[in-house]
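Let the sequences and hints guide you as you build the complete structure.
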Amino acid sequence: MKKISVYLVSLFFLFQSSAQAYSSDPKEFVHELVNEAISKLSDKNLDTEQKKEFIKEVALKNVDINALSLYTLGELRKSSEKEDILNFQKVFEKYFLKSLTSRLTDYSSSKFEIVGEDKKSSNYTIVSSKVIPKNGGPEIKIDWRIFTKNPEKPLIRDLIVEGLSLARTQKEEFASILSSNNNDIKILISKLEEFVNR
Amino acid sequence: MKILKNIIIFKILLFTILASPNVKSAEECFEKTSRAIFKFNMALDNIVLEPIAKGYNKLPSPVRTGTKNFTSNISTLLSIPNNVLQGNFKQVGHSVGSFAVNTTVGILGIFNPAEKMGLKPHKEDTGQTLATYGIGPGCYFVLPILGPTTARDSIGLLADTFIDPFAHVTLREKELFGASGSSLDYYTIKATGTVDFRAENDQNFESLEKNSIDLYSSLKSIYLQDRENKIKNSTDDVDEWGNLDN
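Protein chains in written order, with the working numbering: chain X, 7 to 204; chain A, 128 to 373.
Calculated from the structure, these hints are not laboratory results.
There may be inaccurate statements among the hints.
Said to hold, decoys possible - Only pairs whose alpha carbons sit at most 27 Å apart, straight line, appear in this in silico BS3-like list of lysine-lysine:
no., chain 1, residue 1, chain 2, residue 2
1, X, Lys147, A, Lys195
2, X, Lys100, A, Lys250
3, A, Lys159, X, Lys147
4, X, Lys177, A, Lys357
5, X, Lys100, X, Lys125
6, A, Lys337, X, Lys147
7, A, Lys337, X, Lys58
8, A, Lys301, X, Lys67
9, X, Lys136, A, Lys359
10, X, Lys136, A, Lys243
11, A, Lys301, X, Lys140
12, A, Lys243, X, Lys117
13, X, Lys197, A, Lys166
14, X, Lys136, A, Lys250
15, A, Lys243, X, Lys177
16, A, Lys337, X, Lys140
17, X, Lys155, X, Lys125
18, X, Lys125, A, Lys337
19, X, Lys147, A, Lys181
20, A, Lys337, X, Lys197
21, A, Lys159, X, Lys140
22, A, Lys159, X, Lys126
23, X, Lys100, X, Lys155
24, A, Lys159, A, Lys195
25, X, Lys125, A, Lys195
26, X, Lys159, X, Lys140
27, A, Lys185, X, Lys136
28, X, Lys136, A, Lys337
29, A, Lys185, X, Lys140
30, X, Lys50, A, Lys243
31, A, Lys195, X, Lys136
32, A, Lys159, X, Lys192
33, X, Lys177, X, Lys159
34, X, Lys62, A, Lys185
What the hints assert, rightly or not - So these bits of chain A aren't anywhere near chain X, every CB distance computed over 12 Å:
no., residue
35, Pro208
36, Val211
37, Leu212
38, Phe238
39, Leu246
40, Gly263
Just so you know, even glycine gets a beta-carbon here, dropped at the ideal spot from N, CA and C.
In structure tokens, the structure reads:
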């Protein structure tokens with residue numbers, strides 16, 4: 007009984023907190039989002055499933071998963087059937103969330119700092135940050151590509167870790183799968199489904 | 128006769144690259160063979176490198192930092208001739224200054240006081256130098272044990288052993304400013320640097336292995352992005368999102 011009440015209380019705080027909207031200023035947006043994530047992921051009162059739920063909810067609200075899926079599809083997004091693209095986007099979302107949760111639940115405590123921001127255009131701002139691991143490892147430079155077309159609701163489109171773009175890596179991985187399979191989007195979809203179901 | 132043959136092979140290779148400076152780096156030289164070599168490298172990593180890296184990660188942090196500093200200080204030597212060849216004399220100063228300070232005050236490079244003095248040399252190799260001369264990467268392939276490379280970078284790798292002062296002293300066993308060594312020293316330092324790199328990125332490798340649908344392509348993309356960044360000495364992302372209209 008005690009366990010259930012602790013679970014319900016933590017669930018309440020989890021949803022109350024993640025329901026809050028972050029700032030519309032790109033720098034503040036990243037700062038608030040990451041600090042909340044750090045506090046949640048290092049919270050010993052939350053189990054892995056609760057952390058996964060938190061990551062999923064935050065990602066669905068703050069990452070432009072649809073645009074990311076289209077970007078990773080490359081030129082094929084222009085020539086594919088609408089239905090195939092919709093199927094791809096559906097499975098991509100599941101793939102993205104599964105891959106993200108598996109990466110982040112192993113999170114170890116780190117200090118996070120915003121270094122600066124660079125407004126590239128009315129649509130994009132790059133927010134620069136660094137992560138300093140508390141275990142003494144080298145600091146990691148992370149740039150956040152923030153989509154600001156709607157200035158009231160910034161969205162994350164890419165993370166560039168030490169100069170390596172996660173979106174570009176994903177796009178090139180998909181391009182390789184597509185090129186060895188006659189650019190057949192259905193094969194890519196089935197490979198993503200395999201990953202999601204394993 | 129043998130020398131002449133080697134020169135001809137080298138010229139053919141160089142011509143292949145120079146004739147195609149605009150070849151997209153994503154193009155493969157011989158993908159099937161590269162994928163087979165990649166499998167072999169991964170097996171070798173699982174059996175040899177990964178266990179050593181995991182053991183290495185259990186060492187106290189100061190030991191790992193000291194080892195990293197030591198190998199990194201030696202690798203600064205390769206940057207000196209490459210910065211000269213690139214005409215980047217400010218960086219020549221950083222490389223020479225960093226090596227001199229760390230080797231003496233930093234006790235053979237175990238400590239890194241040069242960084243606190245503002246000396247931060249960029250690591251430069253011959254592949255990067257060739258790139259600054261406008262030579263494109265050529266096609267991509269995987270070498271046994273050494274891993275991903277491009278036509279340009281593989282020639283650069285070979286050239287490195289001729290212009291690197293450390294290789295001159297160890298691999299070629301020639302004396303330089305009274306310093307001497309053996310090829311064993313060369314391979315030991317290179318192997319230690321590899322273990323340190325593998326250990327530092329152990330979690331990243333695990334995560335990549337777990338989340339990739341095609342690990343070969345993910346690592347290829349990472350290698351090529353990393354080389355691009357090293358050549359332009361910047362980690363600024365190139366905007367490829369402009370044509371995505373939503």
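Now the hints, each set against the structure:
About 19 Å separates the Cα atoms of Lys147 of chain X and Lys195 of chain A, which keeps this hinted pair within 27 Å; it holds. A hinted pair counts as satisfied when its Cα atoms are at most 27 Å apart, and Lys100 of chain X with Lys250 of chain A does not qualify at roughly 40 Å. Simply put, Lys159 of chain A and Lys147 of chain X have alpha-carbon atoms about 35 Å apart, too far for the 27 Å limit, and the pair is violated. With a C-alpha separation of about 21 Å, the suggested pairing of Lys177 of chain X with Lys357 of chain A holds against the 27 Å cut-off.
As the CA atoms of Lys100 of chain X and Lys125 of chain X are separated by approximately 31 Å, the hinted pair breaks the 27 Å bound. Between the alpha carbons of Lys337 of chain A and Lys147 of chain X the distance comes to roughly 23 Å, so the proposed pair stays at or under 27 Å and holds. Straight-line distance between C-alpha atoms of Lys337 of chain A and Lys58 of chain X comes to about 17 Å, which keeps the hinted pair within the 27 Å bound. A hinted pair counts as satisfied when its Cα atoms are at most 27 Å apart, and Lys301 of chain A with Lys67 of chain X does not qualify at roughly 62 Å.
Between Lys136 of chain X and Lys359 of chain A, the direct Cα distance comes to roughly 21 Å. Compliance with the 27 Å bound is thereby established for this hinted pair. For the given pair, Lys136 of chain X sits about 19 Å from Lys243 of chain A by alpha-carbon distance, which is consistent with the 27 Å threshold. Restraint check for Lys301 of chain A and Lys140 of chain X: not satisfied, since their Cα atoms lie roughly 44 Å apart, outside the 27 Å limit. For the suggested pair Lys243 of chain A and Lys117 of chain X, the alpha carbons sit about 21 Å apart, so the restraint of at most 27 Å is met.
At roughly 20 Å between alpha-carbon atoms, Lys197 of chain X and Lys166 of chain A fall within 27 Å of each other, so this suggested pair holds. With a C-alpha separation of about 21 Å, the suggested pairing of Lys136 of chain X with Lys250 of chain A holds against the 27 Å cut-off. A C-alpha spacing of about 39 Å is found between Lys243 of chain A and Lys177 of chain X, which places the hinted pair above 27 Å, so the restraint is violated. Proximity of Lys337 of chain A to Lys140 of chain X is assessed by CA-CA distance (about 25 Å); at most 27 Å being required, the pair is judged to hold.
Between Lys155 of chain X and Lys125 of chain X, the direct Cα distance comes to roughly 12 Å. Compliance with the 27 Å bound is thereby established for this hinted pair. Restraint check for Lys125 of chain X and Lys337 of chain A: not satisfied, since their Cα atoms lie roughly 34 Å apart, outside the 27 Å limit. Between Lys147 of chain X and Lys181 of chain A, the direct Cα distance comes to roughly 24 Å. Compliance with the 27 Å bound is thereby established for this hinted pair. Distance check on the hinted pair: Lys337 of chain A and Lys197 of chain X sit about 14 Å apart at the alpha-carbon level, within 27 Å; holds.
A threshold of 27 Å between alpha carbons decides the hint, and for Lys159 of chain A with Lys140 of chain X the separation of about 42 Å lies outside it, so the pair is violated. Restraint check for Lys159 of chain A and Lys126 of chain X: not satisfied, since their Cα atoms lie roughly 40 Å apart, outside the 27 Å limit. A threshold of 27 Å between alpha carbons decides the hint, and for Lys100 of chain X with Lys155 of chain X the separation of about 25 Å falls inside it, so the pair holds. Among the hinted pairs, Lys159 of chain A with Lys195 of chain A is inconsistent with the structure: their alpha-carbon atoms are about 35 Å apart, more than 27 Å.
Distance check on the hinted pair: Lys125 of chain X and Lys195 of chain A sit about 36 Å apart at the alpha-carbon level, beyond 27 Å; violated. The suggested pairing of Lys159 of chain X with Lys140 of chain X is violated, with an alpha-carbon distance near 32 Å, which exceeds 27 Å. In summary, the hint linking Lys185 of chain A to Lys136 of chain X is supported, as the alpha carbons are separated by about 25 Å, within the 27 Å threshold. The straight-line distance between the Cα atoms of Lys136 of chain X and Lys337 of chain A is roughly 25 Å, inside the 27 Å bound, and the hint therefore holds.
Using a Cα cut-off of 27 Å, the hinted pair Lys185 of chain A and Lys140 of chain X holds, with the two alpha carbons roughly 16 Å apart. In summary, the hint linking Lys50 of chain X to Lys243 of chain A is not supported, as the alpha carbons are separated by about 37 Å, beyond the 27 Å threshold. Annotation: proposed proximity of Lys195 of chain A to Lys136 of chain X holds, straight-line Cα distance about 21 Å (limit 27 Å). Proposed proximity of Lys159 of chain A and Lys192 of chain X is supported: the alpha carbons are some 23 Å apart, at most 27 Å.
Pair hint Lys177 of chain X plus Lys159 of chain X holds up; C-alpha atoms about 25 Å apart against a cutoff of 27 Å. For the suggested pair Lys62 of chain X and Lys185 of chain A, the alpha carbons sit about 33 Å apart, so the restraint of at most 27 Å is broken. No beta-carbon of chain X comes within 12 Å of the beta-carbon of Pro208 of chain A; the shortest separation is about 25 Å. Consistency note on Val211 of chain A: stated as away from chain X, and its beta-carbon is indeed over 12 Å from all of that chain's, at 25 Å minimum.
Interface exclusion of Leu212 of chain A from chain X stands, the closest Cβ pair being 23 Å apart, more than 12 Å. In this structure Phe238 of chain A is separated from chain X by more than 12 Å, as the shortest Cβ-Cβ distance comes to about 15 Å. In this structure Leu246 of chain A is separated from chain X by more than 12 Å, as the shortest Cβ-Cβ distance comes to about 17 Å. With a least CB separation of 18 Å from chain X, Gly263 of chain A remains clear of the 12 Å interface cut-off, as annotated.
Violated hints, in rising order: 2, 3, 5, 8, 11, 15, 18, 21, 22, 24, 25, 26, 30 and 34; the structure is consistent with all others.
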